[in-house]
Every structure is written in structure tokens, then in C-alpha cells.
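Protein chains in written order, with full-length UniProt numbering: chain A, 1 to 81; chain B, 1 to 81.
Simulated from the structure, these hints should not be mistaken for lab results. Careful, some of the hints might be misleading.
Same chains, same names: a pair is fine if it fits in one copy or spans any two.
Stated by the list, open to error - No farther apart than 25 Å at their CA atoms in a straight line, the calculated lysine to any residue pairs in the SDA-like style are these:
id : residue 1 : residue 2
1  : K79       : L11
2  : K25       : L68
3  : K81       : L11
4  : K77       : V7
5  : K25       : I65
6  : K25       : C10
7  : K77       : V17
8  : K25       : I54
9  : K79       : L59
10 : K77       : L34
11 : K79       : I60
12 : K25       : G64
13 : K77       : S38
Number of protein chains: 2
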Amino acid sequence: MNTISVVAACLTTLSFVPQALQVIKTKDTNGISLGMYSMFVIGVLLWTIHGININDYALIGANGITFLLASIILTYKLKYK
Amino acid sequence: MNTISVVAACLTTLSFVPQALQVIKTKDTNGISLGMYSMFVIGVLLWTIHGININDYALIGANGITFLLASIILTYKLKYK
Chain A
1 MNTISVVAAC LTTLSFVPQA LQVIKTKDTN GISLGMYSMF VIGVLLWTIH
51 GININDYALI GANGITFLLA SIILTYKLKY K
Chain B
1 MNTISVVAAC LTTLSFVPQA LQVIKTKDTN GISLGMYSMF VIGVLLWTIH
51 GININDYALI GANGITFLLA SIILTYKLKY K
């Protein structure tokens, strides 16, 4: 992990915070794609499992947090579609 | 790269296809967070640069494609907000 990859990991992981806060606040999920979040949640879960398998804590941390945030967005999309 | 990481990379990268198609088709970007896509586009661009620096073609390919797809979504968000 060098500086670029740490900044990249923080940005891609934390970018889901404003999206999660927006759907929680507005409950407006019309523009959000169910297909995207269905695929994305499974994808980051698999990344987290891969991180556990190879004992890579950066991979586990970044993808674990992204999984939680994307799951919130997916839950709101399913609830308020 | 093992099977889990390949499937994970395909899912997280290709998940942006249905979201990009949806914004192109509907131009409805109300539910989409500008903050998310601003951070995410810069983040995947940095991942792509990191991939170029360490000569990792999987990293370059997955993040390069994600960068293009997320840029389309960000462009529509800025144009039709």
C-alpha cells in the first residue's frame, strides 16, 4: 500500500457515505439502479471474503465498510422503490 | 487472482453498467449523490494510476472501465441535476 492506493481506497470506500446519507434523508431512490446495487453488494462481499482468505486487512476493512454502506442503499432501494 | 477475486472484480466493475444505462435512458439523477460520484470518480482514477505504476493489468482494466462508467453517471448528474 502506497499513498496513492491509500487515498484511492479511502475515496472509493467513503464515497458511499454521502449516497447512504442521501437515501436515508430523502428516501428518493428512483434514480438509483437496483441492478447496480444488487451486483455491487455481492461483489464487495466477495472482495471481503477474498480478503479474509488471504489475510489482507486493508482489503477486509475497505470492502467490509463498503459492503455495509452499499447494503443500506440497497435496503432503502428495495423498501422505497 | 483466484476465482473469487475475478468474480468480485467483474461484479463491482460491471455493476455500474445498469446504473449508467438507467441515467442515460431516464435522465433521472435526483436520487444519485453528487458527493458520491465526485469522490468515486477520483478514487477509481487513482486506482487506475496505481495500477499503471505497479504494472497490474487487472487493476488497470477493472478501474479503467469503472472510471469510464462512473464518469458517464457523474456527467449526467451534473447536466440533469
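Hint check results:
1. K79 with L11: Between copies, since 23 Å is at most 25 Å while 27 Å is not.
2. K25 with L68: within (17 Å within a copy, 29 Å between copies)
3. K81 with L11: between (28 Å within a copy, 22 Å between copies)
4. K77 with V7: Between copies only: 24 Å across, 29 Å inside.
5. K25 with I65: Cα proximity of K25 and I65: one copy only (20 Å, versus 31 Å across).
6. K25 with C10: For K25 and C10, the Cα distance is within 25 Å only inside one copy (23 Å; across copies 31 Å).
7. K77 with V17: both (15 Å within a copy, 17 Å between copies)
8. K25 with I54: Classified as neither: same-chain Cα gap 37 Å, cross-chain 41 Å, threshold 25 Å.
9. K79 with L59: neither (30 Å within a copy, 34 Å between copies)
10. K77 with L34: both (7 Å within a copy, 18 Å between copies)
11. K79 with I60: neither (28 Å within a copy, 36 Å between copies)
12. K25 with G64: Only inside one copy: K25 and G64 sit 23 Å apart there, 32 Å across copies, limit 25 Å.
13. K77 with S38: both (10 Å within a copy, 21 Å between copies)
Checked against the numbered hints above, the structure violates hints 8, 9, 11; every other hint is satisfied.
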